[in-house]
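There are 2 protein chains.
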Amino acid sequence: METTNRQVVLKNRPTGMIAEDTTAVVESPVPEITDGQALVRVKYLSIDPTIRTWMDDAPGYLPPIGIDEVIRAGGAGEVVASKSSRYAVGDLVTGITGWQDYCIADEGMAAMSPAPADLDLATTLNVLGVTGMTAYFGLLDVGGLREGDVVVVSGAAGATGSAVGQIARLKGASKVIGIAGGAAKCAQLVEELGFDVAIDYKADNVGKRLHEEAPKGIDLYFDNVGGPILDACLANLAMRGRVVLCGAISGYNDAEHAFGPKNYTSLIIRRGRMEGFIILDYMGRWPEAQAVVAEWLREGVMHHSEHIVEGLEHAPEALNLLFTGGNTGKVLVKVS
Amino acid sequence: METTNRQVVLKNRPTGMIAEDTTAVVESPVPEITDGQALVRVKYLSIDPTIRTWMDDAPGYLPPIGIDEVIRAGGAGEVVASKSSRYAVGDLVTGITGWQDYCIADEGMAAMSPAPADLDLATTLNVLGVTGMTAYFGLLDVGGLREGDVVVVSGAAGATGSAVGQIARLKGASKVIGIAGGAAKCAQLVEELGFDVAIDYKADNVGKRLHEEAPKGIDLYFDNVGGPILDACLANLAMRGRVVLCGAISGYNDAEHAFGPKNYTSLIIRRGRMEGFIILDYMGRWPEAQAVVAEWLREGVMHHSEHIVEGLEHAPEALNLLFTGGNTGKVLVKVS
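Protein chains in written order, with the numbering used here: chain A, 333 to 668; chain B, 333 to 668.
So that you can see chain A by itself, here it is in the shape it has in the complex (with noise of 0.2 Å):
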């Protein structure tokens, strides 16, 4: 086995986009485990928005990640040592595990899941991770979608975006709207993903072309972008609309110019409803989640696809890309 850790630590808070000096490759030994502990050598991390929120030094739903702390992340593993009868050695399995080769396992908190045997880890931490349970809890849950329901969808190409859409087909909204950036990302929504409508941000009018596609408005508009789009589907609000705030993308690297809304009013006028969630609180029902997604993954009805960068080292990189849109589908690191 190797003694030695690489871990990808914070070096300096960024401004905008993560640079060459954000972050540094360092090395440590392998750590020790003690009794009630695992040893996992990680394989995949799941490259989030979200972590570049805890980059910042301002208050969130998590603290942030400190100066020489490895750079917090979701990913998946394989048990290589075990002090615990929870972990054996060869199990797969997923949790926060940290930009590094290796990490513990452990219990309460720091706890990591079983992967299901039959599904490969880099589907296990696209659909049935983070990026799933986000999807379907903010649509099913927070959304409340109903059967009928008219959907916009933005950053529809993205990894969640992509999966809110498939799920809001599958249990039955009327109309399914992507919204995304060119026109390859917008074919792809409706040749494989069975989006009705895909809308091209950078070549369309997006205001114009939701009305035009929902004259009688938009039931549910989940957002993960914020800004202009917001604004936009927030004028096209049906009465009784709901808005699913899941992130705000178009923001996170430009604190100082943040974009606010100025459409909200038509929540009064449609009588709508904005809410946000963070999917660590449905952490206690992501079981019941992943086995409707599961299902739906062995009968073949819900597409998902990776764009893996090799290499721990290009964790940062990976990252960037999420706020470049160079990806589609999920973003997965490829440690090992």
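Some clues are possibly wrong.
In this list, chains with the same sequence are indistinguishable; a pair is considered to hold if it fits within one copy or across any two.
Cut-off 20 Å, straight-line C-alpha distance, at most; resulting in silico cross-link-like pairs (DMTMM-like, lysine to aspartate or glutamate) [stated by the list, open to error]:
| no. | residue 1 | residue 2 |
| --- | --- | --- |
| 1 | K666 | D423 |
| 2 | K594 | D388 |
| 3 | K666 | E334 |
| 4 | K594 | D389 |
| 5 | K415 | E364 |
| 6 | K594 | E607 |
In case anyone wonders, no lab produced these hints; they're calculated from the structure.
For chain A, the structure is supplied; the task is to place chain B on it using the hints.
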């Protein structure tokens, strides 16, 4: 009986405050009633911010007022002639009267409601009318007030705001914080209306004061004003905090520079909800709320005040008062 009906009609759509040429007083014969109708002598008009929104040629929850049409408004009056078994001469009634001396009480949508015999008409239009009902259902139903909540209300010295603060207190809020403009209004909130704290937005740093007074965050914010005060409250929201959007008076006169609350992303981190409503949707449930509020009035635990402007022809200036903050309490126009 008089034979002339004075009416205030819309002549030009205002930009900003109502101006000299926005409205005109015209005279026409007192209308004839037909079977099923009654003639009502208007006594009071209810002056509400929403009237200003109806003057714009913009989509809303009701159609815009047309040019040369009577200004739409709620009011109260006395039945002076009747061809209906529903209305007897001498009855006091409330409903949509419009800015005029006489209106017709009809059936269906144009029906008017009996006013309680033991409370005066001005009180009825205030806490038992649109104002009180907005406070009641907005706070309890949309906001889901819970015992122990820390409640903040803006426009707190206004008619709706002062009712919100008092109802929050009566229903078990742990702390009621009012935001108003000027020392006199703030003193009144604490000394007369039972608010725990008043913040003077003209003199204080609202965000800083909110942070001091609600260190654990705001559970329920009842927003009457929009603008930077909404943003300050969003920044200080408690976990699972609720924002009730009642109005955005700071923006009604300046649609071009509409203010978007950049701190809406607090709704994600704090799992918050922001929801709008229109009190007309609750019409069917007004009697249950009116019974509760009438009981509070009889017990003397619900304070209210009316700012009465004399003369139908002064209704436009009365409406402007709402936007200059020149009133304390409910603005009414005494017509006769």
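Hint check results:
1. Taking identical chains as interchangeable, the C-alpha atoms of K666 and D423 lie at most 20 Å apart only when both belong to the same chain, with a minimum of 18 Å there against 80 Å between chains.
2. Taking identical chains as interchangeable, the C-alpha atoms of K594 and D388 lie at most 20 Å apart only when they sit on different chains, with a minimum of 17 Å there against 26 Å within one chain.
3. With identical chains, the CA atoms of K666 and E334 are at most 20 Å apart within one copy only, with a shortest distance of 17 Å there and 88 Å across copies.
4. Taking identical chains as interchangeable, the C-alpha atoms of K594 and D389 lie at most 20 Å apart only when they sit on different chains, with a minimum of 18 Å there against 27 Å within one chain.
5. Within a single copy, K415 and E364 get their C-alpha atoms as close as 11 Å, which meets the 20 Å cut-off; across copies the closest is 93 Å, which misses it.
6. With identical chains, the CA atoms of K594 and E607 are at most 20 Å apart both within one copy (16 Å) and between copies (15 Å).
This entry satisfies every hint, going by the numbered hints stated previously.
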